[in-house]
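Read left to right, the sequence shown gives residues 1 to 202 (this note's numbering).
These aren't lab readings, by the way, just hints derived from the structure by calculation.
A couple of the hints might just be wrong.
In the BS3-like style, the derived pairs of lysine-lysine whose C-alpha atoms are separated by at most 25 Å in a straight line are [said to hold, decoys possible]:
| no. | residue 1 | residue 2 |
| --- | --- | --- |
| 1 | 120 | 71 |
| 2 | 71 | 85 |
| 3 | 98 | 85 |
| 4 | 85 | 120 |
| 5 | 120 | 177 |
Restraint ranges, calculated between C-beta atoms of paired labels, are given here [as the list claims (entries may be wrong)]:
| no. | residue 1 | residue 2 | range |
| --- | --- | --- | --- |
| 6 | 60 | 183 | 43 to 53 Å |
| 7 | 39 | 174 | 21 to 31 Å |
| 8 | 68 | 181 | 31 to 41 Å |
Remember, it's a predicted structure, so these values are computed and weren't measured experimentally.
For every residue, glycine included, the Cβ atom is placed at its ideal position computed from N, Cα and C.
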Amino acid sequence: MTKPITKQKRTAAPYELNMDVVPPFDPGKRVGRAPALTPQRATILFDYLRRGHSRNSACAAAGISVSVFGKWIRDSREPDADEWKIAFAAEVAAADGKAEENILGVILDDISAGGVESAKWWLERRRREDYGVKTHLINETVEAKPDPAFQAKIERAKDAASIQREIVLMLNREPDKAKWPPDLRAAYERMVNPKSLTIEGG
């Protein structure tokens, strides 16, 4: 007997700060104000970035100005950049990569467990030519060439996208396609046939 697939919750390891990413602190040097990037702020910043938060929300949580954050990244590209800024920019890139790895892992786990929405999302983005909904590209072209035949193509594309959403919802509610309404079942059969993905008259 085959065991049912169960989703496993992913837990990210706690972030351990690399002290190279913060400005060196000389306790004997008198300063007018505390540095903008302290170890505590850096830990919060990179923890948020690694979990997939935007740079705006990560900076807000860490108490760092977004404009200052951007300046540190730009400064890191200069020939005479401070070593900590170079390390900081590298850590930002690593945090972004870790976030992508974690989030994609969750999506792929859900697909393995039968997640229809995650599978649809993956196909639309990784196999855009065959499965992506192209209405946004068509709409951009309309402004340059608004002829009736082209408008008809747009309406058919919008209808196809609407039907696709209905099919996904039906897959979740009723896996047995024999119980589907005949028109929706026929639309599903056309959708899974690659030849049916081409818009008529194109």
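Taking the hints in turn, this is what the structure says about them:
{"no.": "1", "hint": "120 to 71", "in the structure": "violated, 38 Å"}
{"no.": "2", "hint": "71 to 85", "in the structure": "holds, 10 Å"}
{"no.": "3", "hint": "98 to 85", "in the structure": "holds, 20 Å"}
{"no.": "4", "hint": "85 to 120", "in the structure": "violated, 40 Å"}
{"no.": "5", "hint": "120 to 177", "in the structure": "holds, 18 Å"}
{"no.": "6", "hint": "60 to 183: 43 to 53 Å", "in the structure": "holds, 49 Å"}
{"no.": "7", "hint": "39 to 174: 21 to 31 Å", "in the structure": "violated, 55 Å"}
{"no.": "8", "hint": "68 to 181: 31 to 41 Å", "in the structure": "violated, 57 Å"}
The structure shown violates the earlier hints numbered 1, 4, 7, 8.
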